[in-house]
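Protein chains in written order, with the numbering used here: chain P, 1 to 558; chain B, 1 to 501.
None of these hints come from the bench; they were simulated from the model. For clarity, every value in this text was computed on a predicted model and none was experimentally measured. Some hints here could point you the wrong way.
Said to hold, decoys possible - The following label-pair restraints were derived from C-beta to C-beta distances:
#1 Glu502/P to Arg231/B: 34 to 40 Å
#2 Ser458/P to Asp460/B: 31 to 37 Å
#3 Thr225/P to Asp460/B: 55 to 61 Å
The beta-carbon is built from N, C-alpha and C at its ideal position, and this holds for glycine as well.
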Amino acid sequence: MPKFDVSKDDLERLVGESFTVEEWEDLFLYAKCELDDVWEEDGKVYFKADSKDTNRPDLWSAEGIARQIKWALGKARGLPKYEVEESGVEVYVDERLSDIRPYGVYAIVEGLTFDEEALKQMINLQEKVALTFGRRRREVAIGIFDFDKVRPPIYYRAANKDEKFIPLGFKEELTLEEILEKHEKGREYGHLIRDKSYYPLLVDSEGNVLSMPPVINSELTGRVTEKTRNVFVDVTGWDLKKIMLALNVVVTALAERGGKIKSVKVVYKDFEIQTPDLTPKSFEVELEYIKKLAGVELSDEEIKELLEKMFYEVKLVDGKAKVRYPAFRDDIMHPRDILEDVLIAYGYNEIEPEEPELVVQGKGDEFIDFENAVRELMIGFGLQEVMTFNLTNKEAQFTKMNLPYGDLVEIENPISPKWSALRKWITPSLMEFLSLNTHEEYPQRIFEVGRATLIDESRETKTISESKLAVAIAHPRVTFTEAKEILDSVMRHLGAQYRIEEIEHSSFIPGRAGKILVGNIEVGIIGEIHPQVLENWGVEMPVAVFEIFLRPFYRPSL
Amino acid sequence: MELSYQEKVTLIKLKDLKKIKFEELVKETGLDQVAVMRAVLWLQSKGLAKLHEKQKKIVKLTETGRRYAEIGLPERRALMVLREKKKVTLDDLKDVLNEDELKPIVGILRKEGWASVKKEGGKLVLEITDKGIKAGERPIDAALKILVKKGEVEAGKISKLVSIKELKRRKIAEEESKTEREVEITDEGLKIAEKGLEIKEEVSFLTPELIKSGKWKEVEFKRFNIEAPVRKIYPGKKQPYRAFLDKIRRKLIEMGFIEMSVDSLIETQFWNFDALFQPQNHPAREWTDTYQLKYPKMGYLPEKELVERVKASHENGWITGSRGWGYIWSPERAMLLMPRAHGTALSGRQLAKGVQIPGKYFTIQRVFRPDVLDRTHLIEFNQVDGFVVGENLTFKHLLGILKRFAVEIAGAKKVKFLPDYYPFTEPSVQMSAYHEELGWVEFGGAGVFREEMTKALGVDVPVIAWGIGIDRLAMFKLGIDDIRYLFSYDLKWLREAKIIW
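Could you put together the complete structure from these sequences and hints?
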């Protein structure tokens with residue numbers, strides 16, 4: 001999940017204490033992070049942090065990790081407190097944005113001192129939140145501006161495509177349309193707004209452009225440097241609740257570096273809100289529930305203490321924990337979520353694992369046992385078992401086998417055309433195998449017990465992946481007869497009376513192909529591969545094959 | 001002393017002959033030369049016979065010599081004509097001598113004193129002498145006779161008659177060196193031979209006829225060179241990864257797990273995601289991370305009641321104690337078809353179908369992810385996962401189950417646990433196991449299925465979900481560093497692969 005680099009010095013500055021790398025490795029676990037890698041650069045130690053929780057954007061920066069570890073170490077407890085003062089700044093939101101990118105929320109953070117690490121972390125957090133939590137900026141896009149260059153009030157409005165400004169990293173003005181064409185970020189994120197009649201624009205009272213959300217900031221205000229002291233934060237998207245959480249994550253992270261948060265009045269056509277809103281959220285959980293599922297002995301008081309390490313304010317009332325938790329978290333849905341925090345604060349590795357005593361009897365699936373018995377039988381014939389992919393393509397299943405296209409389970413969004421369908425028969429997979437081993441000593445005798453996926457409209461998934469046995473034999477003197485000898489023996493070992501009925505099948509040499517019948521049920525196909533098919537696969541050796549369904553032969557063994 | 005058939009035959013002959021030339025010994029035994037030589041060498045090594053080797057010069061008749069033996073030496077043929085005509089020119093000798101023989105003939109006749117030479121009218125004329133009339137057998141004639149009779153003769157015997165140099169000059173014979181071998185029986189050999197040796201026929205193959213007739217008792221079996229290399233053959237055998245998976249399956253059954261199975265590799269999003277409480281806007285469900293089918297596109301939802309419960313769980317938490325994801329759940333989205341992306345889908349199906357409580361379940365499932373095939377990524381692979389369900393299960397048990405897997409399956413002595421996140425479990429754990437040769441390996445994950453999921457599926461007790469990552473271990477077992485070899489298309493590698501058990 002989100003991975004990012006943090007400097008050891010920066011973390012220690014934020015936590016207020018130094019640790020060894022090994023100690024950091026353990027401390028990271030409190031922040032649901034894995035220390036993935038450690039390296040040195042210009043005499044400084046860096047960590048690669050791998051955050052495990054996609055619902056905890058507050059843990060996706062050095063500030064977030066440091067805050068969690070500070071609490072876990074008992075340097076602070078309960079709810080983190082952030083003073084929020086009203087700034088008096090107003091942002092007006094244009095109602096024409098309702099089907100373009102309807103919502104924006106804002107904040108000001110003052111009195112910051114950025115150094116290289118602080119800047120890096122700010123950019124990292126902004127990117128990770130927009131990428132993972134914000135689905136590549138579709139649901140959340142974040143802009144941070146040098147507030148000293150902005151003249152409020154500010155307007156978030158629908159703009160004509162020929163309006164102009166200088167996008168970040170450029171020297172000249174471009175129209176909004178041109179930005180989508182020419183700017184790297186325009187090409188990357190332009191699809192989010194391209195088909196709208198207007199584009200969203202954030203401008204100040206003097207008409208200076210701050211940004212075109214969710215694409216790019218302006219060169220004028222959108223460049224935050226080590227000299228920047230006060231920032232204006234803008235978060236846009238489609239879901240007010242979601243973007244408010246993102247705003248809370250960003251401003252509280254900046255506050256961890258000593259910034260003072262000021263709120264902004266956002267004026268919509270029908271309502272107004274003051275953002276950010278850092279009012280804690282509440283939840284209630286039965287203590288008994290936690291104690292029962294945790295499996296470790298915990299008193300009410302211990303649970304309270306553990307929760308306080310995870311930012312909760314806890315009141316113990318009538319066997320319940322009434323908790324309040326910070327506004328930068330939005331992952332508490334169920335008492336389970338609180339249980340996990342108790343356990344993380346306790347430390348997973350502090351708990352002695354214990355095997356449950358359950359009186360149960362193990363049992364393999366009987367059909368799989370049957371398949372295994374068939375595999376054993378095939379090995380007895382001296383055939384080498386192979387295991388090939390179910391994913392394949394139309395060419396392999398039909399064209400190369402000399403067949404016209406037929407029905408196939410196909411993938412809409414394949415990574416490669418080579419892997420764009422599921423096989424409906426295994427023989428082409430065996431042909432591919434043979435084609436990749438033409439330099440290897442013959443005879444080559446192979447088999448696979450695998451799946452072939454067929455369309456069956458009556459089923460829940462409209463498909464069935466039938467268990468099949470496929471055999472291929474290649475050597476200079478092989479004919480239909482050798483395949484039939486094996487088939488005949490297999491049938492006798494399966495206890496089945498079968499017959500072969502000649503068919504015309506363009507994968508096979510005429511007069512050397514048949515369908516295999518048990519009673520009136522067609523259970524498979526046998527034949528000597530047509531030289532055209534051999535040529536298609538680049539196999540210069542005769543090949544005889546058969547392929548049968550296994551399900552019709554299965555009987556419960558008891 | 002154990003003697004082979006050939007050794008016995010040879011020793012018996014030597015008993016009578018004592019010391020004999022090797023070639024003659026071969027004839028005497030009636031065996032082939034290589035067999036006799038091998039027998040003699042074995043007898044020598046056992047101290048029963050001695051092989052003497054001597055380098056000798058011999059003289060051998062040439063093709064020319066053989067012709068002279070038939071039609072006579074050139075000077076003999078010339079003498080016949082002289083005896084008849086008394087006086088001849090060289091032209092008269094052309095009938096009996098060829099070009100090469102004609103040139104030196106005057107010199108030879110004069111040297112033997114068989115003719116006098118004069119010039120008459122510019123031509124050489126030869127006239128027979130008394131010595132020529134009386135001429136009898138000379139040493140060279142005798143030498144030729146001996147050579148014709150024996151083919152080759154010791155150089156010393158011939159050189160008593162005529163110099164070897166002379167024979168070589170006249171191209172009658174040539175000289176060669178030859179190793180002369182003689183075999184002699186030792187006293188020990190004689191003792192054994194005189195005691196009597198039982199001779200048996202030698203055979204290469206023990207035939208059914210020999211066994212049936214009992215004749216095998218009368219024959220000797222040819223000794224094989226058992227150190228000689230043999231042809232490579234390949235058995236039919238299990239695919240090595242398959243064999244590894246079979247072992248894991250066996251272990252899990254031994255550990256009390258019941259195997260789950262399913263009839264299609266295709267799954268509805270309902271079972272792959274929704275039934276597991278994975279919200280419809282979850283990043284894992286994005287187009288780039290989840291395959292979708294083009295054809296067939298949509299499947300069916302299960303019974304209405306179940307669908308309603310899942311829908312309510314997603315939207316508002318239903319009666320599960322959760323506030324839910326807070327969005328409008330779309331049945332159409334849940335009907336979309338995809339190749340199954342994880343084995344947990346089967347756990348969801350099993351829980352909905354009904355489970356034994358307490359119960360332990362597992363599956364080894366082929367699953368699919370949109371990835372690029374390379375040495376560290378597969379496009380489809382096998383996942384081993386399942387769940388444990390029971391009235392009083394706790395987080396401690398979850399750790400206990402994971403640890404047992406590490407011990408039983410990876411042979412690990414130490415484990416450590418890390419907090420983790422799965423959309424369908426809370427709390428969630430990742431486990432690293434310490435493997436002697438691989439070091440710390442991420443070996444599995446587990447969590448307690450969220451109540452939003454289990455309650456909606458109709459199960460009201462804790463369900464511990466687990467999955468184990470077996471690929472690193474499989475690669476180690478199979479001795480490969482390219483993950484694609486798990487599904488190897490390389491027949492040579494499969495043929496040479498060591499057995500896995």
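So, going through the hints one by one against the coordinates:
1. Glu502/P to Arg231/B: 34 to 40 Å: holds (39 Å)
2. Ser458/P to Asp460/B: 31 to 37 Å: Holds, since serine 458/P and aspartate 460/B (Cβ atoms, about 33 Å apart) stay within the stated range.
3. Thr225/P to Asp460/B: 55 to 61 Å: Check passed, 58 Å falls within 55 to 61 Å.
When each numbered hint is compared with the structure, no violation occurs for any of them.
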